[in-house]
Each structure stands twice: as C-alpha cells, then as structure tokens.
Amino acid sequence: GQNIDQPTEMTATEGAIVQINCTYQTSGFNGLFWYQQHAGEAPTFLSYNVLDGLEEKGRFSSFLSRSKGYSYLLLKELQMKDSASYLCAPTSGTYKYIFGTGTRLKVLA
Amino acid sequence: DTGVSQNPRHKITKRGQNVTFRCDPISEHNRLYWYRQTLGQGPEFLTYFQNEAQLEKSRLLSDRFSAERPKGSFSTLEIQRTEQGDSAMYLCASSLGGSGETQYFGPGTRLLVL
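First to last, the sequence lines map onto chains A and B.
Under the numbering used here, the first residue of the first sequence is numbered 237, with each subsequent residue one higher.
Under the numbering used here, the first residue of the second sequence is numbered 8, with each subsequent residue one higher.
Simulated from the structure, these hints should not be mistaken for laboratory data.
Ideal placement from N, C-alpha and C gives every residue a C-beta, glycine not left out.
Do not take every clue at face value.
[Stated by the list, open to error] Example chain B residues on the side facing chain A (calculated, C-beta under 7 Å, incomplete):
(1) Thr45
(2) Gln48
(3) Pro50
(4) Phe72
(5) Phe81
(6) Gly113
(7) Pro114
[Claimed, not checked] Quick list of simulated restraints, FRET-style, between CB atoms:
(8) Asp241/A to Thr20/B: 29 to 39 Å
(9) Arg29/B to Glu277/A: 32 to 42 Å
(10) Gln238/A to Thr109/B: 39 to 49 Å
(11) Gly276/A to Arg71/B: 19 to 29 Å
(12) Glu35/B to Gln238/A: 43 to 53 Å
[What the hints assert, rightly or not] Here are a few chain B residues that sit away from chain A, every Cβ distance over 10 Å (derived from the structure):
(13) Gly23
(14) Asn25
(15) Gln57
(16) Ala60
(17) Gly79
(18) Gly92
(19) Ser102
(20) Gln110
(21) Leu118
So here's chain A without its partners, still in its complex pose:
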C-alpha cells in the first residue's frame, strides 16, 4: 500500500519563500510528481523527480530523497496567485497516481 503525508495548510507572505514537505511510503517507488491545483480547477503539472536531489524550474524547485521517502516543493518570491493546493503524488512504476490530501497554501499580502 501507500501512505502519503503532507501538511494540511500553510500560510506565507507575498515575496517570501515557503517549503512544502511530503513524506511517503510506497512499494516499488519510481518517481514523485508535484501538482498545483487552484480552487475549483484541475491539477496542473509542476515537477517530476526520479533521482535524488534538487530540480529547479523558475521560482519553483522540487527535492527528492529516495532513501528517506521524502520530497519537498520550494516556492520562492511568493505571489498572490500561488495561493492554491499543492499535491504530492509518488508513483510506483504503474500508470495511476496516488495523491496525498494536498497542502493548501495561503499567500498573504
């Protein structure tokens, strides 16, 4: 089976940096996806990590440690439009995603 743990809510200030953690337990781990989901909208792809380490993509970076079952999403220079839910989805080499409950991020002015 799979177990995914993310904080339920986080609050940060515009312009700040925020780190959203995800710990997981899954058999046959292959890689981990991060998606962003604004309220009432579909999830949109942010990043996919297969190897250990940090992958940077503009203001967003994602880190993976396979041995620790741990990932984080780092958001820099926060903007109001970053207020959304962030979904962690480890995959086990199969086609379907198993999502965590997501972390609701509120960015305050």
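Using the hints provided, position chain B relative to the given structure of chain A.
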C-alpha cells in the same frame, strides 16, 4: 486549445437519476484516467484505459459506475441511480503511455446530487 476537455462542467441531479460525463483527451494520448475528488482531499483513482481497453477499476467504483472508451478516443463515465455521496468533482486525465509519465488533467465535471 488541444488540452483535455470535459463536459458538462457542472451537473445537478436528483438522487436516483442517471448521469453521464464525457472526456476528450489530448489527441495523441493513448492512456485515459478517471479520478474523483471531494472537498479537501486529493484526487482518488477510479479507472484507467489503454486505448479502448479498461485495464483497471478501483474498488471505489461500485457497480453503479461504468466507464467506456469505445474507439480509444473520448471516454464516458456513467453513474446510475445517483446517491448524495456521489457528489464530487470528476476529473479526467490523459497521458502518452509509459511508466512515470505526466498526466494532463481536464477541468473536471462537478456533480451535485440533491
């Protein structure tokens, strides 16, 4: 726009009625997925198609639920004898094929069962 599309975007129905949703995937994608999402939760996997073949159904998908992808292109999800607990966002996603690849989601169909 060549993204995943879903229709209708919203559906309100009375308990006991049947509803059908449609998903049109990205044209070259041979894999199609259905998920259900309730408020405050992440999407939950329902079923998956490789071309026209339905290869897996979640235990969440009771006998009242059926999904088809007759020509390997668009898909329909039907819920018979709807119950209030079926109220949720139904999301469709598609991907090219292969392990660990990115799925692209449609805007979803929000169902409210009264």
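Tell me, in ascending order, the numbers of any earlier hints that this structure violates. As far as the earlier hints go, 1, 4, 5, 9, 10, 12, 15, 19 and 20 are violated by this structure, in ascending order.
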